[in-house]
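Build the complex: two chains, separate frames, hints provided.
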Amino acid sequence: AQTVTQSQPEMSVQEAETVTLSCTYDTSENNYYLFWYKQPPSRQMILVIRQEAYKQQNATENRFSVNFQKAAKSFSLKISDSQLGDTAMYFCAFEDGGSQGNLIFGKGTKLSVKP
Amino acid sequence: EAGVAQSPRYKIIEKRQSVAFWCNPISGHATLYWYQQILGQGPKLLIQFQNNGVVDDSQLPKDRFSAERLKGVDSTLKIQPAKLEDSAVYLCASSLDTVQETQYFGPGTRLLVL
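Just so you know, the sequences run in chain order Z and X. This note's numbering applies: residue 40 is where the first sequence begins, and numbers increase by one. This note's numbering applies: residue -19 is where the second sequence begins, and numbers increase by one.
If a hint is listed, it holds; no wrong ones were tucked in.
Below 35 Å or equal to it, Euclidean Cα-Cα: the simulated DSBU-like pairs (lysine-lysine) are:
1) X:K42 / Z:K149
2) X:K24 / Z:K153
3) X:K(-9) / Z:K149
4) X:K58 / X:K24
5) Z:K153 / X:K(-9)
6) X:K(-5) / Z:K146
7) Z:K149 / X:K24
8) X:K24 / Z:K146
9) X:K42 / Z:K146
10) Z:K146 / X:K63
11) X:K63 / Z:K149
12) X:K58 / Z:K146
13) X:K58 / Z:K149
14) X:K(-9) / Z:K146
15) X:K24 / Z:K112
16) Z:K117 / X:K24
17) X:K24 / Z:K109
18) Z:K149 / X:K(-5)
19) X:K24 / Z:K94
Chain X stretches covered by chain Z per the calculated footprint, using a threshold of three residues with CB under 8 Å from any CB of chain Z:
20) 16 to 24
21) 84 to 94
Hints listed in this document are in silico derivations from the structure and should not be mistaken for laboratory results. Computed from a predicted model, the values in this text were never measured in an experiment. For each residue, glycine too, the CB sits at the ideal point set by N, CA and C.
The following block holds chain X by itself, in its conformation from the complex (with noise of 0.2 Å):
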């Protein structure tokens, strides 16, 4: 069974310039997170998908960022525009559904904003 995809695996840009990446679930996954994990920190919820419905965007500045999940698959998280403190590495998780099922991680995409 493949895994939770991301791209890209690196990015450094500079800020006040856009960024996005990509996250494909594990298939049949019905929930979609996305995380952003600081360095030194755990990760912090972001922004979770039920399909392609939002469940749960209460952490996400939504001034810069965005997500949307279309047709209940891939997902996309853009930043514009980025600052020093979204350096970051950003976390696609998926499970089967919400509570109680385990949620499996990606590989996960490291910004560099200079």
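Excised from the complex, chain Z in its bound form (with noise of 0.2 Å):
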């Protein structure tokens, strides 16, 4: 079975500067996809970024980018110039290429971010 690992339950950092949050996960899969969701006090899932596990650029949303190392079976989500409204839960997912679309999820870190 697959699963998804955060090792940060929590984590801060100052205003504008850059932050890494650490994901692992485990599957025998070649195919699959990769997720970062923004959970705020609010409690709306939010995407923040996705990965195909197919394609070897990591990808990037504005101030969002992610190093996704396969072999390592790692994902980690960098986010810069960090602002007050990036304070929230984030969680790491997995989707399974053949699994119509369940998504395991990680336990999450929640992230502050400090004026």
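The following block contains the structure:
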């Protein structure tokens, strides 16, 4: 069974600094997708970034980028120029390419951006 | 474009009572998901619909949980009877299709069972 591990329960960063959130996963599949979701205190889960396993190029969305290491089964999220609005729970999620959409989530990392 | 709507936002019930949650997905989205998020954990899939058919309900506790998606649009999730361990946030999500499509989440319903 696939598993997703986020080893950092909580992290903090100063405004305008850079922070990296870690995620590792375990799978025997070769075709899959990885996601980072953000869940602010209002509880609406929002997609931050996604990565297809067959793509070697790391995904980037504005201030958010990932470091996808397929062999190491690692998928970290880098947030540059952190803003107060980035304060939230961040969940790493895995989707098996043949699973018809079943997302498997990690336990999350609580990120606090301090002024 | 309107997002995924859920109601109620909060619900407090006593154990052994029943409760129902409602979800209205994004217009045109064929796939609808119900997740359970227990405090301190990531969401866990309970059931997935493709239009009005069930795709995956392997993690749904069928002795007390039920869900339906009539006409392939709105969906309701019911718990009867509720247990203390059902206290959680119930998230509804929808996507255009299944694999490769982004899932969009609603605000969730926070359930407290006393």
